[in-house]
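Undergrad: If you read the protein sequences in the order shown, they are chains A and B. Read in this note's numbering, the first sequence has 154 at position 144, and its numbers run on one by one without any break. Read in this note's numbering, the second sequence has 29 at position 49, and its numbers run on one by one without any break.
Take the hints with a grain of salt, since some may be wrong.
[Stated by the list, open to error] For each label pair, taking beta carbons as the anchor points, the in silico distance ranges come out as:
(1) A/Thr400 - B/Arg300: 57 to 65 Å
(2) B/Arg300 - A/Asp225: 38 to 46 Å
(3) B/Gly385 - A/Arg19: 40 to 48 Å
(4) B/Pro456 - A/Gly281: 25 to 33 Å
(5) B/Pro456 - A/Asn362: 37 to 45 Å
It is worth saying that the hints were derived from the structure and are not from the lab. Every value quoted in this text rests on a predicted model; they were computed, and no experiment measured them. A virtual CB, placed ideally from N, CA and C, is assigned to each residue, including glycine.
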Amino acid sequence: MIMPLRDRRLLETPLHTRLAAACETQQWYAWKGFAAVQCFTTVLQEYFAIRNSAGLFDLFPMTKYRIQGRDSRAYLNRLVTRDLSALKPGRVSYCVWCNDAGQVLDDGTVFCLGEEDWRLCSQERHLDWLLWSAQGFDVRIHEETTELAGLAIQGPTSCRILRNAGAAGLEQLPPFQHAAFTCAGVSMLISRTGFTGDLGYEIWFDPARALAVWDGLLEAGNNHGLRPIGSQALDIARIEAGFIQAGVDFMPAEQVVRPDRARSPFELGLGRFVDFRKPGFNGRRALQAEQQRGSRHRLLLLDVEGSHPARDAFIYNRARQVVGTVTSATWSPSAKANIAIASVRTPWGRDNDGLWAEVYYRRELQWEKVRACCRVVKGPFFDPPRKKATPALDF
Amino acid sequence: MTERWDAIVIGAGHNGLTCAAYLGRAGRKVLVLERSSTVGGMAGMRRFAEGCSVPGCAHLLYHLNPRVVADLELQSHGLRLAASHLPTVALDENGGHLTLTERSVDGPGISPQQRAVYAAFMDRLRRFAAVLAAAGETRPPRLVSDQWRDYLTLAALGWKVWQLGRDDMRELMRIGAINIFDVLQEEFDNPLLKGALCLDAVLGTHMGPRSPNTVLNFLHRLAGQTGAGVAVADGGMQGVISALERAAVARGVEIRVNTAASRIVTDADGVTGVELASGELLACRMVLSSADPKTTFQRLLGPQVLDTGFNRRIHNLRMRGTAAKLHLALRGAPAFRGLDAAALGGRLLIAPSPDYIELAFDAAKYGAGSEHPAMEITIPTVHTRALAPAGMHVLSAVVQYAPAGLRGGWSADAKAGFMERILTQLARYAPGIREQIVSAELLTPADLEAEYGVTGGHWHHGELALDQFMMLRPVPGAAQYAAPIPGLYLCGAGAHPGGGVSGTPGRNAAQAALAGGLRR
Ligand SMILES: Cc1cc2nc3c(=O)[nH]c(=O)nc-3n(C[C@H](O)[C@H](O)[C@H](O)COP(=O)(O)OP(=O)(O)OC[C@H]3O[C@@H](n4cnc5c(N)ncnc54)[C@H](O)[C@@H]3O)c2cc1C
Chain A
11 MIMPLRDRRL LETPLHTRLA AACETQQWYA WKGFAAVQCF TTVLQEYFAI
61 RNSAGLFDLF PMTKYRIQGR DSRAYLNRLV TRDLSALKPG RVSYCVWCND
111 AGQVLDDGTV FCLGEEDWRL CSQERHLDWL LWSAQGFDVR IHEETTELAG
161 LAIQGPTSCR ILRNAGAAGL EQLPPFQHAA FTCAGVSMLI SRTGFTGDLG
211 YEIWFDPARA LAVWDGLLEA GNNHGLRPIG SQALDIARIE AGFIQAGVDF
261 MPAEQVVRPD RARSPFELGL GRFVDFRKPG FNGRRALQAE QQRGSRHRLL
311 LLDVEGSHPA RDAFIYNRAR QVVGTVTSAT WSPSAKANIA IASVRTPWGR
361 DNDGLWAEVY YRRELQWEKV RACCRVVKGP FFDPPRKKAT PALDF
Chain B
-19 MTERWDAIVI GAGHNGLTCA AYLGRAGRKV LVLERSSTVG GMAGMRRFAE
31 GCSVPGCAHL LYHLNPRVVA DLELQSHGLR LAASHLPTVA LDENGGHLTL
81 TERSVDGPGI SPQQRAVYAA FMDRLRRFAA VLAAAGETRP PRLVSDQWRD
131 YLTLAALGWK VWQLGRDDMR ELMRIGAINI FDVLQEEFDN PLLKGALCLD
181 AVLGTHMGPR SPNTVLNFLH RLAGQTGAGV AVADGGMQGV ISALERAAVA
231 RGVEIRVNTA ASRIVTDADG VTGVELASGE LLACRMVLSS ADPKTTFQRL
281 LGPQVLDTGF NRRIHNLRMR GTAAKLHLAL RGAPAFRGLD AAALGGRLLI
331 APSPDYIELA FDAAKYGAGS EHPAMEITIP TVHTRALAPA GMHVLSAVVQ
381 YAPAGLRGGW SADAKAGFME RILTQLARYA PGIREQIVSA ELLTPADLEA
431 EYGVTGGHWH HGELALDQFM MLRPVPGAAQ YAAPIPGLYL CGAGAHPGGG
481 VSGTPGRNAA QAALAGGLRR
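Isolated chain A, as found in the complex (with noise of 0.2 Å):
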């Protein structure tokens, strides 16, 4: 059946009509069915407005689940690998969750509302999987994408913009912690979290308010370079933060037809949020089975020789075998460097090892490709301590 084209259109978040006045490109994707903006300006104009003042980004489209009841700790705590049975009410957590084989079906943030009260934000859709997982959990899980507004502002001045639009007291707010203000007349959940490796927040309220709280911030934001962002800007600012993404620097699992295409927390450089004092949780056994083998990939930062990003470019050892590939890569303009994320075989990527990348790009159409040497970060590129500071600095 072929529906009308007005059914087939891209759904609209509350804030389109101010999203299609700022932006100037005219550039739309599709973010799971939302008609999202790539660029409202320019790319860097908007870029340093996320390191130089604030960007503000529409999280609508961002999938988020409710979950409630007597055994939604628990129900979590065995969902995703890290240990959740002492995050208190007002905390927010990165977390990871895998399926059996201990892959990685995605990565997000775990807010605890209370203490039978929780919300899981993430890339992709997992209603599915959730469900599934609650047998025997007395828990109701709930879609409320499209029931919950979000905006990420976020930038060295976001809390002072905030704070102008009335979030009284936000600066006290520490990384990770959420609490409720009213802001820009509108009552709202502001969490200290994002996606840029920077001072930043992200808020949520009912997109029936929508348009009120963006206009309200943008004219607080006024005198402190505030401005609407696109995916694009985003993008160089995550890359840059070392964040990975699904369906970027990852498959999500349940997504994966080949068998060696998924990838566990490990081989994500996720170790660290993989918690085996806890009893039972999905992958578990798998995981420490990983462990005990070693796992078969790597996650890589890489500084990348020249300054052509080495987007999708093949990634060689000394004896010219290919041994992995690059899943995202920009030009860092904070870092001034040529910045990748790439997943190897192991050994490989250990340290710095020899690893090189064959980059390609255009010169006049035509294609020109460079042998670039790679050398292995081991932190993100940006991390101001600003990032952590509480209370908050104010610029």
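Assemble the complex: chain A is given as a structure, and chain B with the ligand must be docked to it using the hints.
TA: What follows is chain B with the ligand alone, placed relative to chain A:
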């Protein structure tokens, strides 16, 4: 927790007893827990009327594993066969019965040509069944593995198939993928003969003759019959169970009846013990469960300690029982029209044609009991006189189809209605039978579930189908007897190679557990 057992076996059905005896033989300290007051499970006996006993479910021996008999010295523990190579009588309403043995078929309307086709057909299917039987002897191989042993098992299996020769190999692949109706259609024209063979392919399953996997079930039934054919033990099924019980006890196994396991207790590293309904906690190094996979994983272990994907597979395991059990206490021997009294010791089938069975199955598909049920009837008192007072006989029949999930449930009315349809059908073949009935009992799958603790009252503890077979039985992740929880094993009919009174899952599980070593 004062005592600590090497192994606790849940369930004293024939597989639980077999498993325990093997573990005991290997010097392990073994305790068997049985929820009911007697041992035997679905191969046990049941007193259903004053002075009258019948086999509660299984009434014929098809596939008792000769290795189990030898290893556990069951003969020295009293196992004898009362009858072997029992013929099958395909009953005809008007007395034109057919008699089937392993290689012959006789009766009105059977041409010499059909006789020859039958012998050749059964020979070929027995060759196929032998491959299956060989596969049943060992732990199924893992599909993705880094152990030589899995490849060896696969190779051995491949070799068995290869030995069949090109034509047979092709034929096995071909008929394995179609259904018994189509296969029989190619070979035979006599509806009564085809009906009888069809019933063998669907007994105990939620399948009709035209359903996929019926050839597999037919072969499974044939797989064990190499030695004694269809047989009855001295003392009936009790003879088998008593011998197994003695064999186990002789090897130091302790058996506690009236003792239900309510929970398998684990810690982060695996099994630590079993909790009883009384709250008592028994510590052990490993648990071997002959309860069906759903009971074992969903109720005794609990989905909370298992991974989501595994739970999903267990949840989706198909085990809808459709076989009911009819028990009659009769004044005198039943008289089937045109049937010699001497033939009453055989298997008597009411399955006049493939379509009769298919129609009976249609009802079950839509959640109703068959209007005209099909039956496999035995008269156990012919071989074991002591089962009823002098002058009386007991009749034991498997009746299909009575779906476990009957629409509206198995109320007293629903049961009475189904009973009436059964008796009406029986009386067409044995006209005086109603007047002979002293006492009658019908066990629907719901009753079997309550009585034997088997989900859906299913014959095989889980449908026997290609997707729930060998390395997929009961589900991937538990198909080599070892469950995902260290120290827990499946040892009942739900494990490879499936149901029927064979002892094979019990034996294989014990071997897997012994090879896996005792934990901690
Ligand atoms: C109607 C019918 C007719 C059949 N006819 C035949 C036949 O003629 N020939 C044949 O070969 N096969 C026949 N079968 C199949 C055969 O009976 C079974 O496949 C076989 O008996 C299964 O043996 P088992 O030991 O694996 O399991 P079971 O015999 O089911 O034993 C499991 C035992 O575990 C016990 N148990 C369960 N839960 C607990 C708990 N929590 N704690 C303690 N104990 C527990 C049960 O009480 C039971 O005793 C028939 C089946 C049915 C339903």
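Undergrad: With reference to the structure, classify each hint as holding or not holding.
TA: Hint check results:
1. A/Thr400 - B/Arg300: 57 to 65 Å: holds (59 Å)
2. B/Arg300 - A/Asp225: 38 to 46 Å: violated (60 Å)
3. B/Gly385 - A/Arg19: 40 to 48 Å: Hint holds: Cβ distance 44 Å, inside 40 to 48 Å.
4. B/Pro456 - A/Gly281: 25 to 33 Å: For B/Pro456 and A/Gly281 the Cβ distance comes to about 27 Å; the hint holds.
5. B/Pro456 - A/Asn362: 37 to 45 Å: Holds, since B/Pro456 and A/Asn362 (Cβ atoms, about 41 Å apart) stay within the stated range.
Violated hint for the displayed structure: number 2, the only one.
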